[in-house]
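Novice: Each chain is listed here by its residues.
Protein chains: 2
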Amino acid sequence: MSRSSLDALVEALRRLPGVGPKSASRMAFHLLQHDQEGARLIARALESAVQQVHHCRRCNTFTENEICETCLDPQRDASQLCVIETPADQAAVERTGSYKGLYFVLMGRLSPLDGVGPRDIGMQRLFERATDGHVREVIVATNFTAEGEATAHVLSEGLKARDLKVTRLARGVPVGSELEYVDLGTIAHALVDRR
Amino acid sequence: MSRSSLDALVEALRRLPGVGPKSASRMAFHLLQHDQEGARLIARALESAVQQVHHCRRCNTFTENEICETCLDPQRDASQLCVIETPADQAAVERTGSYKGLYFVLMGRLSPLDGVGPRDIGMQRLFERATDGHVREVIVATNFTAEGEATAHVLSEGLKARDLKVTRLARGVPVGSELEYVDLGTIAHALVDRR
Ligand SMILES: [Zn+2]
Ligand SMILES: [Zn+2]
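If you're matching them up, the sequences are chains A and B in order.
The letter at position 22 of the first sequence is residue 25 when you use the numbering used here, and the numbering goes up by one with no holes.
The letter at position 192 of the second sequence is residue 195 when you use the numbering used here, and the numbering goes up by one with no holes.
It is possible that part of the hints are untrue.
With the C-beta cut set under 7 Å, the calculated list includes, among others, these residues of chain A facing chain B [said to hold, decoys possible]:
| # | residue |
| --- | --- |
| 1 | Ala46 |
| 2 | Ile70 |
| 3 | Gly179 |
For lysine to any residue, the following SDA-like pairs were computed, each having C-alpha atoms within a straight-line distance of at most 20 Å [what the hints assert, rightly or not]:
| # | chain 1 | residue 1 | chain 2 | residue 2 |
| --- | --- | --- | --- | --- |
| 4 | A | Lys25 | B | Gly21 |
| 5 | A | Lys25 | B | Glu131 |
| 6 | A | Lys163 | A | Met126 |
| 7 | A | Lys103 | A | Asp117 |
| 8 | A | Lys25 | A | His37 |
| 9 | B | Lys25 | A | Ala94 |
No lab work stands behind these hints, which were simulated from the structure alone.
The beta carbon of each residue, even a glycine, is placed where N, CA and C say it ideally should be.
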């Protein structure tokens with residue numbers, strides 16, 4: 004079998020997180036045999052996302068504009084800034100409908116062992132954002148994992164040193180879990196009980 | 004957040020088998036945040052595989068040529084034809100190094116409940132291929148699952164009716180399992196003991 008472009012596809016699919024050689028192989032087979040339209044769709048969606056998606060200049064989340072819709076929304080309370088790890092976590096908080104402030108998205112968490120330092124999570128940019136004169140409270144809503152807690156600690160110290168009120172989600176959120184997978188009621192409750 | 008092309012990407016990634024909304028979301032985040040080169044690689048690999056990969060005119064496996072390298076290999080024994088479900092199964096048989104004949108790849112199995120009939124697995128093409136005058140034995144090596152066994156039964160009847168010797172891999176292969184995941188020794192043994 005001359006399978007160079009098939010091999011290349013299997014190899015490329017392994018770049019997806021959580022996909023090993025067997026699943027990459029199954030994915031390639033499925034797309035080529037049963038869903039070539041899907042294959043083209045994924046290819047186009049990847050090209051266009053890579054080309055068009057940037058980071059919001061204010062909150063760092065993914066957006067196709069200079070500044071994202073949330074940051075531009077005049078209805079949001081500019082005195083509150085919620086710091087979260089990922090856009091998925093932000094979406095989870097948004098779904099509760101109980102937070103009306105703004106966000107800063109770290110796009111990660113401190114993880115010295117993986118070489119993820121303060122620069123990678125935009126710590127300096129967060130400090131600048133939080134000291135814009137409007138923000139009065141920063142809710143540090145990183146995940147309640149070891150790395151999330153360590154990140155929260157470092158950020159809180161830096162924010163407090165800049166005379167900002169810093170709160171953390173209440174421990175209604177189960178320890179060891181990630182916001183993305185927590186039910187809405189728990190997140191809503193933890194927002195009210197923030198400390 | 005204006006996330007149209009991000010949403011489109013998440014939606015597109017769900018076309019991959021076994022990928023739900025949460026993993027699609029994680030994949031999109033990972034690629035955009037940490038591996039844009041990987042994203043471009045996958046996109047190009049998909050485009051090129053869809054464009055270049057066809058089915059071998061003789062054995063039906065994936066190839067970039069009219070006829071695949073295995074079918075063109077003069078060293079292979081043209082009197083034996085091994086019928087398997089997928090290219091991954093063929094690769095598993097090849098890795099044993101104990102089969103020197105040719106192949107016919109069904110690219111699936113009969114599955115009436117999913118609407119997969121004889122036409123979808125190229126049954127008529129198999130019968131034509133097997134009656135080329137060179138093939139003397141057809142080894143039906145579909146998986147030992149319910150659908151694989153049913154497929155083997157239907158194919159064997161049709162092949163026997165055409166005066167071909169039909170064998171099946173010995174039951175060294177664990178029942179209920181799929182060839183792709185069986186260790187090489189077991190497959191090699193089952194080839195020798197074919198019945
Ligand atoms: Zn923003
Ligand atoms: Zn071939």
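Novice: Against each hint, give a clear statement of whether it holds in the structure.
Specialist: Each hint tested on the structure:
1. Ala46: Since chain B brings a Cβ to about 4 Å from A/Ala46, closer than 7 Å, the hint holds.
2. Ile70: violated (10 Å)
3. Gly179: Interface hint status for A/Gly179: violated (18 Å vs cutoff 7 Å).
4. A/Lys25 - B/Gly21: holds (12 Å)
5. A/Lys25 - B/Glu131: Distance ~32 Å between A/Lys25 and B/Glu131 Cα, so the pair is violated.
6. A/Lys163 - A/Met126: OK: A/Lys163 and A/Met126 at ~14 Å, within 20 Å.
7. A/Lys103 - A/Asp117: It is violated: about 34 Å lies between the C-alpha atoms, which goes past 20 Å.
8. A/Lys25 - A/His37: It holds: about 18 Å lies between the C-alpha atoms, which stays within 20 Å.
9. B/Lys25 - A/Ala94: Measuring from Cα to Cα gives roughly 12 Å; hence the hint holds.
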